[in-house]
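Visitor: Sequence:
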Amino acid sequence: MKSHLKKVALCAIPFMLSACSFSSLSTMDCFSDNWKNIGYQDGLMGASKSKFNDYRDNCRSVGKVPNYRQWEEGRREGLKYFCTLDNIKRFGTYSYNSVCSRYKYGSSHHSSSLQRQIDHEQRKLRSYQDKMDRLRRKVDEGYYSPRQAHAEMEHLEKKIEYYEAKLDRHMREMS
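Numbered per numbering that gives the first Met the number 0, the sequence shown spans residues 0 to 174.
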């Protein structure tokens, strides 16, 4: 009886070690029907397609075949949330571009160009808002009459609306 348990234990060790090497996927996950959710979670973490090879190898040891189509569909959904301008800064352009090249902001050049444009527009907006505040203070302090400041205020309001609309469009593009 003891020798039989030893044989079972010895046979189980390689299986257990291979399961440990893929900590993100337990052997129980190999029996999952929800590969889309597993792929989604991987996409949120920026996993590349090669991650699926690990799953395939791990599940082969228990006689299961993971569903690549479902996994990839989920991974792509998750990558939509991973592939952001913030993650370029957080993870660097190499890891970002290796999984995000097919998405809107997949090239660091385009992303950094867009970020520079947004930064420029935010500075312009603040500048016009500051000018408007100074003009209102001057009217309040009696340096200008409301009538004298009216044309300049209208001009500044149009500029402020213009830059707010541009920034709003960029934010919608990014989401």
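If you are wondering where the hints come from, they were derived from the structure by calculation, not from laboratory data. These numbers come from a predicted model, not from an experiment. A couple of the hints might just be wrong.
[What the hints assert, rightly or not] Simulated DEER-style distance windows between Cβ atoms:
id, residue 1, residue 2, range
1, Arg133, Ser112, 28 to 36 Å
2, Arg122, Gln40, 36 to 44 Å
3, Asp56, Glu163, 50 to 58 Å
4, Arg146, Arg122, 28 to 36 Å
5, Arg136, Lys157, 16 to 24 Å
[Claimed, not checked] Taking lysine-lysine and the DSBU-like style, the derived pairs with C-alpha atoms no more than 30 Å apart in a straight line are:
id, residue 1, residue 2
6, Lys63, Lys130
7, Lys130, Lys165
8, Lys79, Lys63
9, Lys123, Lys158
10, Lys130, Lys79
11, Lys158, Lys137
12, Lys48, Lys35
13, Lys157, Lys130
14, Lys165, Lys137
15, Lys63, Lys123
16, Lys63, Lys35
For glycine and all other residues, C-beta sits at the position ideal for the given N, C-alpha and C.
Visitor: Now, for every hint given, state plainly whether the structure supports it.
Guide: Taking the hints in turn, this is what the structure says about them:
no.	hint	in the structure
1	Arg133 x Ser112: 28 to 36 Å	32 Å, holds
2	Arg122 x Gln40: 36 to 44 Å	39 Å, holds
3	Asp56 x Glu163: 50 to 58 Å	52 Å, holds
4	Arg146 x Arg122: 28 to 36 Å	31 Å, holds
5	Arg136 x Lys157: 16 to 24 Å	20 Å, holds
6	Lys63 x Lys130	67 Å, violated
7	Lys130 x Lys165	19 Å, holds
8	Lys79 x Lys63	29 Å, holds
9	Lys123 x Lys158	9 Å, holds
10	Lys130 x Lys79	39 Å, violated
11	Lys158 x Lys137	20 Å, holds
12	Lys48 x Lys35	14 Å, holds
13	Lys157 x Lys130	13 Å, holds
14	Lys165 x Lys137	29 Å, holds
15	Lys63 x Lys123	58 Å, violated
16	Lys63 x Lys35	16 Å, holds
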